[in-house]
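> Given next are the chains, with one letter for each unit.
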Amino acid sequence: MQPLQSTQDSIKKINQNPLIFFLMLIAIIAAFAVFFNFVTGGDFLERTNVTVIISHIVWPTFVAWGICFLFACGYTDLSIGAIIVLGSFATCIFGNWYGYPGVILGGLIVGTLLTFLNFNVFAFTEIPSWIAGISLAMIYEAVAVFLKVGKSTADLIYAEIDKSLRILGRLPWSIILLAAGFVAAYIIYNRTTVGLNIRAIGGNKEVAKALGINIVKTLLWVGLISGIFIGIASIVQESVAGRTTVRTGLTSIYVVFQPLAIVLLAQILQKRINIIIAVPICAVLIYAVFNLLTILGVPSGTLQEAFLGAFLILFGIIGQRGYKGVVK
Amino acid sequence: MNKTRISFADIIPFAVFIVIFLFFEIASGGKMLSPFNLSTILEQSLITIVVGCGVLFVVAQGSIDLSVGVNLALSGVVATWAANAAGGVLLVPVALLVALIVGIVNGVIVSKFKVPSFMVTIAMLIGIRGIVNYIQTIIGTQYIPESMTVLREPYIRYPAFVLLLIVMFYLFEFTKIGQYSKAIGENESTAEFIGIPVPRMKIIAFALSGLMVGFGTLFSLTSVGGTSQMMGVFFEIKVAMAIFLGGVLVTGGTSTKLYKVLLGSFSITIIVNGLALIGLSETQYSQSVEGILLLLILYVTIIANKRKNRVRALPDELEKTDLKPDQIITSGS
Amino acid sequence: MSENILEIKGLNKYFGTTHANKNIDFSVKKGEIKGLIGENGSGKSTLLSQIAGLYPRDSGRMLLNGREYDPQSPIDANNCGISMVMQELGVVGTLPAGVNIFLGRTGQFTRNGIVNLKALNKAAAEQFAKWDLPKVPLNELTDGMMIETRKIIELARALSVDPQLLLLDEITQSLSMNNRNRLYDLLKRLKAMGRSVIVITHDVEELIQITDSITVLRDGAVVGEVLSAKTSPDEIKRMMVGREISGEYYRADMKPDYRDKVVLSVKNLLVENEIEDVSFDVHEGEILGLCGLSDSGIHAVGKAIYGLTRRSGGTVHLVAKGLDIKNSTMALKNNMAYVPKDRDNEALMINASILDNLSLPSLSELQGKFGYIAPRKTKRLASDMTKKLSIKCTDINQTVNTLSGGNKQKVNLGRWLAKDLKLLILDCPTRGVDVGVKAYIYSLMKELKKEGIAIILISDELPEVLGMADRLIVMKGGRVAGIIRRDEDFTEHSVIGVMI
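Protein chains in written order, with my numbering: chain A, 1111 to 1438; chain B, 3 to 335; chain C, 14 to 513.
Bound-form chain A, shown alone (with noise of 0.2 angstroms):
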């Protein structure tokens, strides 16, 4: 019986092979990690400031991976950013309150049940999602400005988390939240019923009807997986940075970009692995990208934004190659 696909000369074969080309990445890393470190007189390499990458990427990592949910199904919510300062601000009330328990729910209940609300609204109001997003930022923008504790206008900070509490934004925390991130995305997306369904409604709508598929259950489930992550994310991001700063204007939209990025340059790789896989890459990758220009003395809130906007419209035109469909 011979096999459909006719057989590729064997250095084709060896492109092809996620494992092969996993390793490939992973050497491609390595040779920018030492180009970085060469370029910045060894302070990029510098144990904190690897430490400092590190712990910098987790909560990026895991808003991407929700994100992965999202655009599984065709959503995109940018409202995100807004959800996670409001998310923080929950883990750092009810830390301080109640400890660890308080941390950890304070962040996921809140920050998963907007992203719930969120989705609902999107499937279920057939308003186009970034738009949606946005209306939602500003609602969520707003009720953090209202539950602010300083009182004068001026004073956008909350107050700050209670020190001894801020141990999930530190290593050895940072890489067990990652691997266990990623253990649970991966499993999700790719192994149980629901994240394969998820994939299929994005994938084909009719398909995954006529195949009996409860669209409305399996939309709900992603609203509640997205919104997990999400929840962990702003768990995290408090953690690191110990205080919420509260954002209005829709500068929002600035958190939830750099997870953007992340998730459209993981989508360019993922014909050749995972996305859940490609996805931590990319966040190293792109956050080396920022951490580098800092040291170099590239000023943030400037021109490394000017960077990300850049590489945003790059890998959306990437992306997008080939593409013969209407674009609005």
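Honestly, I wouldn't trust all of these hints.
Partial list, derived from the structure: chain B residues whose beta carbon lies under 7 angstroms from chain C [what the hints assert, rightly or not]:
#1 F176
#2 K178
#3 A185
#4 E188
#5 N189
#6 S191
#7 T192
#8 T256
#9 N311
Derived list of chain B stretches under chain A, where covered just means 3 residues or more per stretch with a C-beta under 8 angstroms from a C-beta of chain A [what the hints assert, rightly or not]:
#10 62-76
#11 300-310
Bear in mind the hints are in silico, worked out from the structure with no lab data behind them.
Cβ coordinates follow ideal geometry from the N, Cα and C atoms, glycine included.
Knowing the structure of chain A, use the given hints to seat chains B and C on it.
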């Protein structure tokens, strides 16, 4: 025979406007209708309307331009710097040119590279804001040259505004650019099949959006006297809200009309202004009200529009035909 | 009769104003391979889709093994032992092949919430082995796979249900020769197992070869039922395209009648995978017909001439202006018109007004100074055209979706007739339109012809082109098979001979 059908969907924005106005008029104890306040409302709506008229073309096509805020800031900062460095007369052309270029870049990426407009313009939103912030850390905020402050005078400002409005109204409702844009929003495939140059129209729409931002920045610079740290922040949302609150559909199409920009702009301004009048000028209130309102109106217009389009036609067999097969047709009009 | 696995009586299906299935009586015996064939739009996919539970029928009965069969969903159909491979690609590209086979039924491999992919892939491999299907890399995403591979996956999925009745809609055209033979063997095996299969294909020879009996559909109704052993390709094709030629709404004369001047000269037109080496001239006042079977490429020619598809070779030369028409914008500018076959999605802005639709192609001409398009002018254009074509509406601001099929087609045509045309390309202009409007459209064509406008008439209906064309280009397999003049042997018989 040519009675224009007024649909439920068209009335909602007017109703919203009236409700908002009455609410604040009553809540502020009549302060809303004072001549001073009314002129404040006009002044505060001015820039939104100007830019909104440009963005309208983009929205009519079914796309969106969220970069208008940062574009305002960028063109303002660059133009002010140029005017101070090389002569006040540069203020106007540089502002227009910079804003136009940003618009064209947006248009090219959307039409040629097929990246969704919300993504491109949000990326611009972030990227260009970074650049503007950077520039301002170097040159700080600046005043426009003395010579150019004459543009603030009412006898220049208001006629300019009215002139722009008339030109945009003309372009949108009475020329090919407007009609083609609406067609693209209705059904891009149909437009392609007829032979309308769709990619070119997309670039033109984004270019117009950029150009109007250039004019908007001039109005802003002359009003404030120079640049500021907060220039253009949140402005793109204000414009988007003005357009959607006025009843324009997210998908654009033939129901897109210029008066809706005016209606929506005034509605938005009245909300902010009204909240201030009753003492709630905190950002959180206006922003949350705006957010909720935007969601509501989007939802309602989508539903109302769906209902309008769900009409069923009769099968041919059930229709009586009383045609004369030998009716004469001549081509040409 | 208990020997029928499936019996259908009096089935009707409407899509909006279109009567897609007209009073269909249809049956399949146990252990029978049944063929279903018809031209595009004849209703065969619609029929199969209802059997497979994809959508409900509007009237009529279905009996499965003698008992009432009324599937509410494809899952219902599966549970009754019926599964289908659809015409449109039905795999999820972002999922691996193995998962696609059992999508929607992954529960059986799940333990503690986790799907055992190894077990799933093993079961999938077993299915491939059981039905002797060529192996497919089960772990790979289907996105990058060839169409043939994806079709095989769909087939495996349909077979994994262990169906009593398997429905195959146009599967063979995606398969290579090797795999087609494999499929034929599979059909024989199913037959030996007492299972039944309904096969749709447009390859008539193949159909006769692999089936026991064939049902021919035309215009939504059954026009013939034959035994495969006792029929011939010609007979089938005749049933597919032949129609009653009735009425005097076609032309009365039997000789070509057009001016000498060439309006458009097409040379060596090449569109990859669609048409090759197509050359012809169109003259002033000529109605040039284009006909052929499903994959002849006639529709592609229309699109290519108007510049809607990128051509890989050849020229489309507009003689009067000395221009090569490269894109649709040029075509529009130079007084050409294209009336697409797909009225609702391609041709009309369905939620816009009659006024907007009618005036859109003429906006350039209506421009005055400074690009001013006077509303008075567009209104006049629209109301004039509405009156001339007797478009039934209450006023021109009404939206097009409220019009009947015939009136929609009038808007479709009318917006072009408002211009000063040199060349009009019509693709199936009388599709989905009743007799009265048909007659009307033909009379329009006669008038335009008198005024010297060149018309290219692309049609699936043989009587129509025979009735109206001065010359007829018959296409086959993407190439020109023959050009026949009106004064030659202009009969269905001779044309079908070339077409087939």
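> If a hint holds in the structure, say so; if it doesn't, say that too.
Going through the hints against the structure:
1. The closest approach between the C-beta of B/F176 and any C-beta of chain C is roughly 5 angstroms, which is under the 7 angstroms cut-off, so the hint is satisfied.
2. For B/K178, the shortest C-beta to C-beta distance to chain C is roughly 5 angstroms, which falls under 7 angstroms, so the interface hint holds.
3. Proximity of B/A185 to chain C holds as hinted, the smallest CB-CB distance being about 6 angstroms (cut-off 7 angstroms).
4. Here the hint on B/E188 is kept, as its CB sits about 4 angstroms from the closest CB of chain C, short of 7 angstroms.
5. Given the 7 angstroms rule on beta carbons, the hint for B/N189 holds: about 5 angstroms separates it from the nearest Cβ of chain C.
6. For B/S191, the interface hint holds, the least distance from its beta-carbon to any beta-carbon of chain C being 5 angstroms, beneath 7 angstroms.
7. The interface hint given for B/T192 is met, as the beta carbon of that residue sits about 5 angstroms from the closest beta carbon of chain C, less than 7 angstroms.
8. Taking 7 angstroms as the C-beta cut-off, the interface hint given for B/T256 holds, the closest approach to chain C being about 4 angstroms.
9. Interface restraint check for B/N311: the shortest CB-CB distance to chain C comes to about 5 angstroms, inside 7 angstroms, so the restraint holds.
10. With 4 residues carrying a beta carbon less than 8 angstroms from a beta carbon of chain A, the segment 62-76 of chain B meets the three-residue requirement, and the given coverage holds.
11. Closer than 8 angstroms: that is the beta-carbon criterion, and the segment 300-310 of chain B has 3 residues meeting it against chain A, so the requirement of 3 holds.
Figure legend: structure checked against the earlier numbered hints; every hint is met.
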